[in-house]
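Given these sequences and hints, build the entire structure.
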Amino acid sequence: MHLEEFAEGKSLWHRMDPRVKIITLSAFAMVTATADYLPALLLSLGLGLTVLFTAKLDLAKVGIRLMVVNTFILFLWLFLPFTTPGEGLWSFSFLTVKREGISLALAITLKTNAIVTASIGLIGTSSVFSLVHGMTHLKMPEKLVHLFFFCYRYISVIHEEYLLLRTSMKVRSFRAGTNLHTYKTFAYLLGMLFVRSYERSQRIYQAMVLRGFNGTFYTLDHFHMRGSDWCALLIMGFFTAFVGALQWGVLI
Amino acid sequence: MHISEGVLSAPVLITGALLAVGGVAVGLAKMRPKDVPEVAVLSSVFFVASLIHIPVGPVSSHLVLIGITGLLLGWMAFPSILVGLTLQAILFQYGGFTTLGVNTFNMAFPALLCHMLFAPMARSRLPRKVWLGGFLAGSLSIILGGLLIALSLAASNEGFVEVGTLIAASNFPIAIAEGVLTGFCVSFISKVKPELLGGKR
Chain A
516 MHLEEFAEGK SLWHRMDPRV KIITLSAFAM VTATADYLPA LLLSLGLGLT
566 VLFTAKLDLA KVGIRLMVVN TFILFLWLFL PFTTPGEGLW SFSFLTVKRE
616 GISLALAITL KTNAIVTASI GLIGTSSVFS LVHGMTHLKM PEKLVHLFFF
666 CYRYISVIHE EYLLLRTSMK VRSFRAGTNL HTYKTFAYLL GMLFVRSYER
716 SQRIYQAMVL RGFNGTFYTL DHFHMRGSDW CALLIMGFFT AFVGALQWGV
766 LI
Chain B
59 MHISEGVLSA PVLITGALLA VGGVAVGLAK MRPKDVPEVA VLSSVFFVAS
109 LIHIPVGPVS SHLVLIGITG LLLGWMAFPS ILVGLTLQAI LFQYGGFTTL
159 GVNTFNMAFP ALLCHMLFAP MARSRLPRKV WLGGFLAGSL SIILGGLLIA
209 LSLAASNEGF VEVGTLIAAS NFPIAIAEGV LTGFCVSFIS KVKPELLGGK
259 R
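Quick mapping for you: the protein sequence lines, in order, are chains A and B.
Anchor point for the first sequence: position 90 equals 605 in the working numbering, and the numbering is continuous, going up by one each time.
Anchor point for the second sequence: position 145 equals 203 in the working numbering, and the numbering is continuous, going up by one each time.
Derived by calculation from the structure, the hints in this document are not laboratory data.
Hints may be right or wrong, so weigh each one.
[Stated by the list, open to error] Below, simulated EDC-like cross-link-like pairs (lysine to aspartate or glutamate); rule was C-alpha separation at most 20 Å, straight line:
1) 92(B) x 657(A)
2) 249(B) x 657(A)
3) 88(B) x 657(A)
4) 654(A) x 551(A)
5) 92(B) x 714(A)
6) 251(B) x 714(A)
7) 525(A) x 744(A)
8) 251(B) x 676(A)
Here it is, written out as structure tokens:
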């Protein structure tokens, strides 16, 4: 199962320290998500797009991701201009387009796309394991990090078991429809996955105990911040602060 | 079952994050080192299951499985769902990073509630009661999750009230499908591996 679609590449973001990426994206996403002043949001989107384009990813794949995100935004555009209370701009028989509704929908569109483009460029370009490693160094709760590590490790294993069961269903000419038989079959399939994965997790734990597991994962290698990492941290930090300053009127 | 990035207002995002942090902290405190691989691998199953689409009338819906997550994990549903949602945000940009708190709470709270209400039924020796416990957990968790999503939207902006209502209402057919499926799934587990539903938590 190929999950990390954007993690392979040679751009500056692919080579960056995952800790820098986690910190800069968190700050950027928090500021952008709470902003609502259009110039600030336009700057955010510009920053997001810059990160995305400098990551040199397969634009067709990125486009598909963005389309999925924007389907929900499109759905909001069908409602918000009419349902938001405010001053009417135009009205058709019983529907009135409100100024506040348009600006709300516009703000959401900008925010969502800004954060999503930045997160594809920053987080999407790291492997999950290097992010988990970064989380350890950022002092996330240990058990949560372990959970993350094991969960991701076993997704592809469980997915293979799932495909095996699906193949055996296909061999027996199973066809999905809205009927009790379909639901029962899928329920038993899932039940089987739960049982097998439970047994697998017991074996994993036994293997760990056998090797002297005492509740800690020791990290052998540590990250070293390079010049380019500091640069990225400073530049992203500066622009994020700039978005915040525009939003909360420090600069007028 | 998640709200994407950029839609909710700051107070809602912060409230959601605080509630989720509380839930995750309790979940982690209850998790012994022995439970970590189990919760993690079950989380992988939930992740894989969320990619499975089942037909519901003319359309198809992907499985959410909050009910069974709750029945199997109790409080540990909080960290499990947080991990699943974070992975979806990293890998597919579903949901998002700033909405992690709200989305985790909106799914993990119904899971926890279903655990408290229906786990005793799922552990029963009567096959019908087990099925019913699963059905109720599966369906009510979806309905409650939909209501929480509608509430988060409505609390962010008045303009979202109609959208939220529509989302909550559209969850009803999915709730029935998930309920039936969860009912059979719990019956299966109680026959094959009852200790998974066991009263140990």
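Comparing the hints with the structure gives:
no.	hint	result
1	92(B) x 657(A)	holds (14 Å)
2	249(B) x 657(A)	violated (35 Å)
3	88(B) x 657(A)	holds (14 Å)
4	654(A) x 551(A)	violated (32 Å)
5	92(B) x 714(A)	holds (13 Å)
6	251(B) x 714(A)	holds (10 Å)
7	525(A) x 744(A)	holds (15 Å)
8	251(B) x 676(A)	holds (18 Å)
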